[in-house]
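Enquirer: Those protein sequences? They're chains A and B, same order as listed.
Quick note: the first sequence uses UniProt numbering, first residue 1, plus one each step.
Quick note: the second sequence uses UniProt numbering, first residue 1, plus one each step.
Hints listed in this document are in silico derivations from the structure and should not be mistaken for laboratory results.
Note that the structure is predicted; figures quoted are calculated from it, not measured.
You may find that some hints are simply not true.
Stated by the list, open to error - Below, simulated DSS-like cross-link-like pairs (lysine-lysine); rule was C-alpha separation at most 30 Å, straight line:
#1 B/Lys-184 with B/Lys-206
#2 B/Lys-206 with A/Lys-15
#3 B/Lys-287 with B/Lys-390
#4 A/Lys-130 with B/Lys-261
#5 A/Lys-119 with B/Lys-224
#6 B/Lys-362 with B/Lys-390
Here is what each chain is made of, one letter per residue.
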Amino acid sequence: MMDLDKIIASLRDGKHIPEETVFRLCLNSQELLMNEGNVTQVDTPVTICGDIHGQLHDLLTLFEKSGGVEKTRYIFLGDFVDRGFYSLESFLLLLCYKLRYPDRITLIRGNHETRQITKVYGFYDEVVRKYGNSNVWRYCCEVFDYLSLGAIINNSIFCVHGGLSPDMTTVDEIRTIDRKQEVPHEGAMCDLLWSDPEDVDTWSLSPRGAGFLFGKREVDQFLEKNNVELIARAHQLVMEGYKEMFDGGLVTVWSAPNYCYRCGNVAAVLKIDDDLNREYTIFEAVQAQNEVGNAIIPTKKSQMDYFL
Amino acid sequence: MSLPGTPTTSPTPMDEDTEQAVSVNTEPKRVKVYILENNEWKDTGTGFCIGEVDEGKFAYLVVSDEDSPTETLLKSKLEGNIEYQRQEETLIVWKDLGGKDIALSFEESMGCDTLCEFIVHVQRNIESNISLVTVKSSDNGLGSVHDIITGPVTLPSNDQQQNSQTLLEALKILNENTSFDFLKNETIEFILQSNYIDTLISHFHKAEEEKIPKDLFLLSNIIKTLILYNQRDILESMVEDDRIMGIVGILEYDTEYPTSKANHRKYLGSKGPNFKEVIPLENEDLKIIMKKCFRLQFLKDVVLVRFLDDHNFNLISEIVMDLETCIIDFLQVGTFLDRLIELYDTKTLPESSSEKEKFVQKRKDGIRLLQQCVQMSINLDAVDRSKFYKTLVRKGLFKVLDYAFHMETDSNVRILATDTIITIIEHDILLIHNVQNEDSFKRQHKSGPDDKSSHRKYPQDYSSSTDSKLLLILSTILLSDRSPGLREQVVQALNTLLHPEGCVGNGEGSYDLMGRSNYEAKKTSEDFPSFSYGLNSDSINLNNYHYSSDEMNNLEPESESEFQVMEYFANFYNKIAPILFGPLIKKDITTEMAEIDGQIEKVTKDDLLLIHLVKLVSFVCTEHDRVLSRRFILENGILDSVSKLIGGNHMMQLRLTAVRCIKNLMCLDDKYYHRYMISKNLYAPVFKLFQENIDKNNLANSCIQDFFRIIITECRAYQNDGHNRKEKTNGSYDGNGNDVKTNVNNNRTNFTILNKYLVQTYGDVLRKATDIPFIQDMLETGEENQPDHSSFENSIEGGNDISVNMSTDGFASNHLEDIDIKNVKRLHSEIEHFENDPHYSGDQLAFKKSVDQMNAST
């Protein structure tokens, strides 16, 4: 068996993980993830986290500010990869935690956890830089296909990356999706990962070109039909870290501070206690340090050997 | 300052004319002269305006009265810091040094142009402090837009002695000068023509030595500002040999990280410019381009990665692409590629063992190099890519790949070789094949130019062709190499090579697969009864379904490429598929696997291979010509094996992949597959798996729920069709929000038969899950149809009225897992195509016979 604690330590230091190790991590994660439902059950107390986007050092800050996985239960709402320069380390760290503390961490698929999107927005490129070939990217994409599409906390809070879908309006319907596939361009599975809340009267076209815009009416209907009181989602940058909408029926949580190393936003996580009270923790980007205390300037790794 | 006539400095297009026009005075142009008095413009008369230069020293705008040419209406000196405004097309307005507001209103805009050119000339040569600006009303009609045509430009000090003050001033100027194109262009000219960047670099060394952080950060900001000018020549000049280290050195300092410093110089010093040369490059220019290319990428990806905006990023990418195009061109002209590929001639192996080792390493590096070149070519335009790949293939790329796949044992190197192949075939599947044919074509023409058949015969010899060899190599690697990464890549390559849409319309002439399927459907109906069904015999007689060359010639395909594609797939099923799908052809996978080795580890690894193979089964069944693929799949009992995998003691990933494969085949709505799977009881393991997971909220449960949902959705659609026919209502909803077309077609009976069969056979399992609403529906639908068809056997017997959906028009999806959903949708929209096709009746009969045969033999 792998020494997970050792791998976790390496990942936290941003060290290179051998391809073979990544493969085994991914394979073991698949087994764990496939035992979870499309909408997986989670108990309180739990801390809900939004987009991470490869900002490893901010992810470490997140754990530090919110109690750490040894003590706290977490739900991550997807978008672990792309944009930032440490997508691989961020995603693998979360997988390792999942393997190490299976019931302390729930991972939900975001719209960036797909082959097509990661090819364009950085993760693929990052892996090729770090390994000289795309194998590790392939292993990770295979894991993406096994990630849950949502979670439900104490049967009261529905968690999803993007939002609602007009095709499937109950949690039971979502259970009938065979989720092990690349995220399609349309349909319920796509909408859950791509939709956004907006001040609209009914389902509307999304400017993103995938998913829908939905308004208070759709949220209220969903809450009532499924007997839940809150939809917690991520997917949109919020400068203040979180934003409640529709009389508190929906919240957007964003957990990547200074997004893309330039947006200047703060980040937030949302803690839900046993009485379903909401408590937000705000945190900022801090300059990361390596093990000997030197500052780490986030950057891409240059390409490997250059031939010719 | 630059002189007129140098093309790089021309903000206006009239420099060459002005050169002559102003040496003498300008042509007279008709104008009205206005003077502002008491806030009102007063018309002072109409005349002809010229620009006049006295003794090359003083310049004037002179207007002489049109009625009495000797009388001067206006003589105004161009001097001091007068700002001339051109308003709209025909007006020039200014305030002279005496404070008088003057306006010239030209009869024609051409006249106004001439005098503006004159002002520009004077600004550049005589009175550098005057300026000319244009004022136009903005597009929305509100407000106005100013632009500078010419005028004095403030530039940063290029004094060798720089300090915080000069740098701060420079930063301010450089930022301000971006506000107008004219100022920006003049500044760019200054940067390029002067040694300003060198001045900055030399001050950087001084500031670093003397530890003046303020200057270091200012320098960094100045360089970044210059980069934001987004000017190609500036960027290129920054990465030249004598500047690059200075530039990245300056950029190591970043005000965002005031207490730390990056180490770009260290990285570049140790690695960057000293790239590996597997084959020494003779061309010095090429070396320079390569260095430049590498350094720009380094700037883009590492040094400036958090800083660049989209414009900068795109410009640098564009430059890099141009340089890459250049590199790829260069590589093809000399002997470089020949010398590289020579490395893989087996006879050239050195004697001594140390030399040998070096040589083997060199061969590995050569493969890396080739992969890098091919990788580099990805961004090139299609024509350049094709040209490069063709050159590679002509020069013997296959020698290298042969080596990689047969001699090389390092999986990492093999992966790069596969990657190279994938890049080429994903660009154009037929490229390799066409290059090979073009050789044979030449050969044939040399031997007998009048013998027309010779040219056709050669490509028919497919067994020895390159594509065939490639398929075989890849299949063998997939079956034998255990590196999971390599396997994934090989599968990707196979998917590309075996994708029919990649083979059509890409080469010369397009090829219609639909048209072909009709022919083959007929063909098959004749062939089918004579088959010995291969299920029980160990050896399969491949010749039974081998297309002979004569047969092919009779076809008279519309084009050579059409012919090639047919040969290609026929060959795949004859020669390659039996090997590739070998593990699924063997009779009892579960026992065989267990027999190999007691170790769990081994079983897991083979399960990973089987996952790939089962996905490939889905792929060929969905994408390939139906008759061709179905014959292979059914004869070899592939689906039996797939079904067994669901039930066997395998990893869940494989079991579910097998469920999906069965699901995909069901979604094809193909009568033969439907009946085969029913008659061979292939659904049994699905229900066993369902029972195992019936109370669990997990992926297996969802996967099978999806399976049932498809069946009942199709059944409901059929029912609704029937219902609608009676009720004459239009439009219906299937409960999932999908619009169901109200087509009336018997195709749906495939699903109603299946549902009835499943309810009859596995009703007890289904009844345990009636809390799932659509399972209740399945039960109800399955039971209510009873009176029409009393048993499954009846429905098979009475099935002659069922037409078959033979659509070969596959979905262009690279993701096998996508197929599930898409196919369900397809069924709604493509049901009527084959209704009246005469070919199917015979075909059906043939199949019925073979099903009978099959049933008798089991």
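Enquirer: Confirm or reject each hint.
Expert: Each hint, compared with the structure:
1. B/Lys-184 with B/Lys-206: Roughly 29 Å separates the two Cα atoms, so the pair holds.
2. B/Lys-206 with A/Lys-15: 36 Å, violated
3. B/Lys-287 with B/Lys-390: With Cα atoms ~24 Å apart, B/Lys-287 and B/Lys-390 stay inside 30 Å; holds.
4. A/Lys-130 with B/Lys-261: Within the cut-off at roughly 22 Å; holds.
5. A/Lys-119 with B/Lys-224: 29 Å, holds
6. B/Lys-362 with B/Lys-390: 24 Å, holds
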